Structure formats: structure tokens, C-alpha cells
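With our numbering applied, the sequence shown covers 1 to 420.
Derived from the structure by calculation, the hints contain no laboratory data.
These numbers were taken from a predicted model, which means no experiment stands behind them.
Straight-line C-alpha distance at most 16 angstroms; calculated EDC-like pairs for lysine to aspartate or glutamate:
| no. | residue 1 | residue 2 |
| --- | --- | --- |
| 1 | K175 | D44 |
| 2 | K386 | E410 |
| 3 | K386 | D398 |
Using C-beta positions, here's what the derived DEER-type ranges look like:
| no. | residue 1 | residue 2 | range |
| --- | --- | --- | --- |
| 4 | K239 | N374 | 48 to 56 angstroms |
| 5 | R280 | A376 | 16 to 24 angstroms |
| 6 | T357 | S417 | 16 to 24 angstroms |
| 7 | P118 | K239 | 37 to 45 angstroms |
| 8 | R244 | P404 | 50 to 58 angstroms |
| 9 | N374 | R76 | 39 to 47 angstroms |
Ideal placement from N, C-alpha and C gives every residue a C-beta, glycine not left out.
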Amino acid sequence: MDTISTLTFRRFLLGRQGLWPGRRFKGARGVEAALHQMDMLQLDPLNIGARSQDIAMYGRVLDYRPEYLYKMAYERRRAFDYGGWLCMYPMSEFPYWRLHMKHREEKGMRWEAYTHPPDELLQFILRELKANGPLGNRDFEGNRVKAWSYRGRKETSIALFYLWLIGKVMISNRKGFDRIYDLTERVIPDEFNYVRSAAEAEDFFGLKSISHLGIARESGWRTNLAYFIHRDVSREEAKGRIERLIEQGSIARISVEGSKDNYLILNSDRAYLAELEAGRVPKAWKPVGPSTEQEVTFLAPLDMVSARGRAKRVFDFEYLWEVYKPVHLRRWGYYNLPVLYGDDLVARIDPKLDRTTGTLHILGFWPEDDAPKNGAYAIALGNGLKRFADMAGAKRVDVSSIKPVKLRAEVKRILSSDSR
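Take the sequences, apply the hints, and build the full model.
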């Protein structure tokens, strides 16, 4: 079993997710390619400086604009939104997700006193959609649910959500972030509107349980697979599936220096590890714009490489998204984001856009103790802020909270210049 260094592990994770050594996708067409590279993109409605999904794309796509994601998904139909853990996936995956949807329908949805909304309510909604075309929650009048649910406050909202989970309806469009639903057959392109067999789907998700990050802890693979196929997976089944994939030559085990865990990777990615271990950057990862040493990138709060404790495990960097914490318990800012410089996380930044004045306020900046203090870093930080502000639609940036003073002065100089 091969062993890789912690540096190779970090660089592979960043590079496999399209974040290092710089952006390698560009413009509107680059958004679809970036989604395929990422494998999945978690969505969130909060729009403080920008939405999490747009921050994730800004870090991977040169000259990204938020409207590019909507056009790719809802006009060109190259992606679809799905899941209780709401993510966007490439449209080509839809035939495999039919298995997940089938298991959802079989298990039902526990809401109030029954396992799924009443059939007469579901049929009513389907008739309305068939007759009137795409509709959102606001287009239905319904009784309020007896107990609060973040899925919706009306019976019709819960029913729409249920129909979406079982694949009868899909998200056709969004108004702001509000979901607009339509019948699945009117949303999914004909070429993808079919069902893969259970065996094909489970094999596909067995590999996706690794590819969604590029590398997976063997101990966590079973949990990932169970989520994707929406059924229980025993330890014995998981072990058998892993051994079969290894025998087929699809995946391999590796170890990481200093870690007790075994990791799984796709065999198709082993060449990247060899290049990184030799101190080289894979040719396929060549940036189309500035590198992350020339221009920092802010990671989305839900970015796969740093969310859910990965920042600590991979970068030895403490990161918590503090939007759900009371003010007095926050260590950093409400919407703080990790700052990627080169191949490391070096600071946290808390941006907030005032849309009335067009000002992006940096409410806080918290560097690591060993964060760089040289001029190259200051220039990279200024360049990164300039690109982020441009993506968010800001006309000016208030950096008064950035310290030390010399760093702030250099960042202001970069922001006031005409070019990066």
C-alpha cells in the first residue's frame, strides 16, 4: 500500500477539487466543467457577501458571475438540485439518482402522524402542475402544519418537498432562492430521463463515495454510500464492495503520513499522486489565470475541502461557520471564510455586502499566527479581495478592520489600482 506525505494529501485534495494551484476553468462554459470536477456543489440560501455556492464557483472559475450557475442549471439543464442535504449534481447523474428516489418513496417521509403526505394532496399538486406549468410554494394556498417544519409551513409545501424527494417533480427554476417546481418529465432532458438498474446505481455511487472528494477515509466510505443510495449498508457489505472494487482495478488503498486511517482513491487519480510526490504539479491542473500564490481565494463556508472538520484534519486550521451561533459565542465572524494562499489556509475573513451603497465591508480579519507577512502575500490578498468584490457586484471595499496597518495599506493600494 502506497504512503503519501501530508503535503501531497493536502495538494491532491485541493487540486482534485479544482482549487489549486489556481483556477483552471473560465467563464460561463467553465461552470459546468467545474461542477463535474467538484462532483457536487452544496447550495445555501444565505446571501451575505455572496451565496456559498457562488463563492465555491468563484474559487474555481475565472471571471465567474452568479448568473452563470443559474443559466447552466435552469436554462441549459446541465445540472439538477436534489437531496435533504441540498446539492447540485451534473445532469448526467440523474438516471442513477432514481435509485435514491425509489428508496425514499419506499421508506416514506415521517411528517406529523403519517409516513407521507395524503395521496389526495399529492394528486392535487400534480394536477395543478400539469395544468398550469411551473409553480412555487407561494402559488399554493394550504393549511398550516400543526408543528413547525423547516421544510415548509403549509401542507402543500411539505407535499411539494416530498414529491421532489421521490422524483415526481424537480426544481425547474428559482426566483431568488425560492424553488419553482415542475413535473420531472418537463425538466429532465430526454437523454437523461431513464432509470439505471439498482446494481449499476450502487456501483456508480460506490465510486462517487470516493470521487466527491477525490480521496475518502475507508472508515467513512460506508456512511457516504448509505447516504447516496438511501439505505442501510452493513460493515460486511461495505467491506465486500471495497474489496471487489479493488480487485476490479477501480480503486486502491493508500495511507497518509501520520494518519492511522486507510484511504481510498480512484486508480485513475494515482498518476496525480505520483506527480505531487515528486514535487511536480500535474499538467492537467495548469491554471488559466493567476495562481493561489499570486491571488488568494476565499473558500465557501460549505466548501468540501474545509467544511465539517476537514480544515482541521487536512490543514491543521480551525474553522467554524458561525452563522448559527449566538453573537457572544462567536470566535470569528458571522459569515467568516477561510483564506487560501498557495496550498495553505492562512486566515479567516468576514465579508458583508451593503447592497444599498455597493460597499463590501470586511467586518473582521483573523490571520493565523504563522501567516505570511511579506509583500507578496499582501499583494495576493488585495488581488483576491478585488476579484471577490467584482464577483459580488461591489463598487468599493472597506478594509478598515484588516490588521496590521502595513498589510491594510498595501491591500488598499491594490484595490485602488486599475489592474491586478
